[in-house]
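Just so you know, the protein sequences line up as chains F and G, in that order. Reading the first sequence from the start, the letters are residues 1 to 76 in UniProt numbering. Reading the second sequence from the start, the letters are residues 1 to 638 in UniProt numbering.
I should point out that these hints are in silico values taken from the structure, not numbers from a laboratory. Check before you lean on any hint, since a few could be wrong.
Taking lysine-lysine pairs in the DSS-like style, the calculated list, with each CA pair at most 30 Å apart, reads [stated by the list, open to error]:
(1) K363(G) / K53(F)
(2) K241(G) / K61(F)
(3) K230(G) / K29(F)
Heads up, incomplete: computed chain F residues facing chain G, CB under 8 Å, no partners named [as the list claims (entries may be wrong)]:
(4) S13
(5) L14
(6) D16
(7) G33
(8) S36
(9) V37
(10) M40
(11) R41
(12) I56
Not close to chain G: a few residues of chain F, all C-beta gaps over 12 Å, as computed [as the list claims (entries may be wrong)]:
(13) S2
(14) T23
(15) K29
(16) N38
The beta-carbon is built from N, C-alpha and C at its ideal position, and this holds for glycine as well.
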Amino acid sequence: MSMHDQLAALIESLLDIDMEELTADSHFKDLPGWDSVNAMRLIAHIETEFAIKLPIKEYLKAETLADVQTLIARAA
Amino acid sequence: MENLQRLREIRSLKKNLTDPANAEAIVKHLREIDEVASMAKAGFSLQSVSLDQWNANGRNFVKPVRIGIVSNFMCGEIENYLRFNLTRECICPEFYLGDFDQYIFELMNENSELQQFNPALTVCLLDEHVVTDRLSDEWFIDEMEAKLTEVSTSLCELFSRYASRSSSVLVLNTIPLAALTYQGIIDYRSKARLSRAWREFNNQLLDLAAAHKNIVVLDTELFQQNSSVKLRDVRMASYAKMYMDETLLAEIAAEIRKVVQSIVGKTKKCLVLDCDNTLWGGVIGDDGLEGIVLGDSPEGEAFVAFHRTIKRLAKQGVILAINSKNDKVNTDKVFDSHPDSVLRQDDFVTQSVNWDPKHENLKTIAAQINIGTDHLVFVDDSEFECNLVKGMLPEVHVINLAGEASEFVEALLAGGWFNTLELTSEDFQRASQYKSQVAREDFRAAYDSYEDYLRELEISVELFVPDEIALPRIAQLTQRTNQFNLTTWRLSESEVQVMMADHNWLVLGIRAADRFGDNGIVGAMFIQRSQQADGSLAFIVKNVLLSCRVFSRGIETSALREVLLLAREEGASKVYGEYIPSAKNGKFEHFFETHGFEAVDKNTNDTTTYVHPLRDLPEAVSWIAIKSHTTETENVYA
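The task is simple: from the sequences and hints, build the whole structure.
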């Protein structure tokens, strides 16, 4: 599975949407049900799934899926 | 199936709920989801499904319940966990969520949005910030002790006021002492004082449950015994103001589900047990009395512990039954003569020991006890039998014992299927009352006609105004009675109490006894005195309830006749009666008509109103001796 698919599957497991609807350019703030709780859940999921630790300040600045992928790649 | 796969199925099924099979399939999927994040997600996904959609095509598939939630932190996530837990049991919650840290205002102010929402259940979740936010930066133990006393006094006052004013059941949590707070103190003498003061604070909260009938206090420390439950996620707390970890919120929601089930009348009543490899190790038909594992070894002791747990449930009013593929002569041997069997023959109200399919036996058992199959919990070690019952009778809760006897007690108790807000004296006597029931049936076989039998039963009925002692049982009847419950009003104790204090209301309890024993409080009537447009007085019978244990004996006729007599005595011109159909009460649809009432009106919310003109009263039931304060003393009810 590509990193995008892995990330999209994690987001699908949090929100009421299909992972197919997500692209690298999808903005988090546009996702239905996106809020600070889900943002915190997602970082926890990512850290477990990829066995990494993300810098939280930069993570919170990330706007799109692509931004988060960059952070994951950098931390891995 | 994976959790994610189930979530996808749910998302697709919810799009078409006009098909009843889809609603049932969703509930089935929910029951299989076993991981915290997926629970939240499933609950979130079902947020868009309305009560009308669940109950499309005029079905009565799910029951509604209004829940108000207030807190000192961002706890909105609990809605998702609650919706997940409740929908699994066919209960559809409607929520009011208070704003962050507004709980004092919401509970205190009689016109707050919470109070206007009029919830059946109010959840107030608090964490240690209610104390620590009020401490100075360099607090030490003296300050902490003083602050704990101050906060517990004000919280107890707040909760007491809300509970005495509202009929809502208020659910609170004890607040755990966070390890980080504890570790901030470095000397052990002060640490001990901190622990002690903190526990005293929680004890004050726990005392509220003893003082108020509509307060439930959940002991948060017990949830933390589950190793996967965390008190707090520091990042969630810092960045999302969610001070309780989701695993803890999920546990709290699972516990609240048990409370809600008891409020809406979905408590389970009867525990149905398999025998071989469930109540003992081995197969009695093959291994014989000496060969089965029960007592005398670590594994055998685990089965004995399981017996003891079951016996204690029975002591608290849970009805026990057996459903076993066996020759009865073999299982009898265990219950009659195995030295280590704690469960004995007369602990069971009924036994289906035969080679019939287990789901058929379950239907028979429910019919014998006169309850719905949705009030059964079925326990079996065989995955095949469990799946069969789940498929054929999805309303039965099935507990599959995975084969390790030491884990049976936990498997049986974790779901809290029989939990109730308060036990009444009737609950403690239920076993003996069912034994009298069996004696009555034997006695009945000796009579040619049913009326002769009833005459020889020497039934006596008493109508009375409930006192404080009878109050819990009256409320419990409204919560547990499903068949003979003409309008399915569910009332909390405080709601009944409010009616009893109001002169426009007449709340009557019905007690019954016969030659085989006292049946206790078996019914209730809720009557409203109403001034008519022409100035005359009318009685409106808003609800009549009767326990299924005493159906078909004329008790309801006797009781209703007394109400008509009383109405006439008080100078009423008419008596009205109301009936609202439910999935369970169809058998009593014609109750008022068969007692001389005529239907006058059917309004939009399904209430049929009947009227009795008080000219010809029904005849007294000749085989019942009725003792009623209505005919003995005047104005006893006024």
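Structure-based check of all given hints:
1. Between K363(G) and K53(F), the direct Cα distance comes to roughly 55 Å. Violation of the 30 Å bound is thereby established for this hinted pair.
2. At most 30 Å may separate the alpha-carbon atoms for a hinted pair to count; K241(G) and K61(F) meet this at roughly 18 Å.
3. Pair hint K230(G) plus K29(F) holds up; C-alpha atoms about 29 Å apart against a cutoff of 30 Å.
4. Given the 8 Å rule on beta carbons, the hint for S13(F) holds: about 6 Å separates it from the nearest Cβ of chain G.
5. Proximity of L14(F) to chain G holds as hinted, the smallest CB-CB distance being about 6 Å (cut-off 8 Å).
6. The criterion of a C-beta within 8 Å of any C-beta in chain G is met by D16(F), whose closest approach is roughly 5 Å, and the hint holds.
7. With a least beta-carbon distance of about 6 Å to chain G, the hint placing G33(F) at the interface is held under the 8 Å criterion.
8. Given the 8 Å rule on beta carbons, the hint for S36(F) holds: about 4 Å separates it from the nearest Cβ of chain G.
9. Hint on V37(F) holds. Least Cβ distance to chain G is approximately 5 Å, under the 8 Å limit.
10. Interface hint at M40(F): satisfied, since its Cβ lies 5 Å from the closest Cβ of chain G, which is below the 8 Å cut-off.
11. For R41(F), the shortest C-beta to C-beta distance to chain G is roughly 7 Å, which falls under 8 Å, so the interface hint holds.
12. Checking I56(F) against chain G: minimum C-beta separation of about 7 Å stays under 8 Å; hint holds.
13. Listed as outside the interface, S2(F) is consistent with that label: its C-beta sits roughly 17 Å from the nearest C-beta of chain G, beyond the 12 Å cut-off.
14. The claim that T23(F) lies off the interface holds: its Cβ sits roughly 19 Å from the closest Cβ of chain G, which is beyond the 12 Å cut-off.
15. Even its closest Cβ contact with chain G, about 15 Å, leaves K29(F) beyond 12 Å, as expected for a residue assigned away from the interface.
16. Interface exclusion of N38(F) from chain G breaks down, the closest Cβ pair being 9 Å apart, not more than 12 Å.
The structure is inconsistent with the numbered hints 1 and 16, although it conforms to all the rest.
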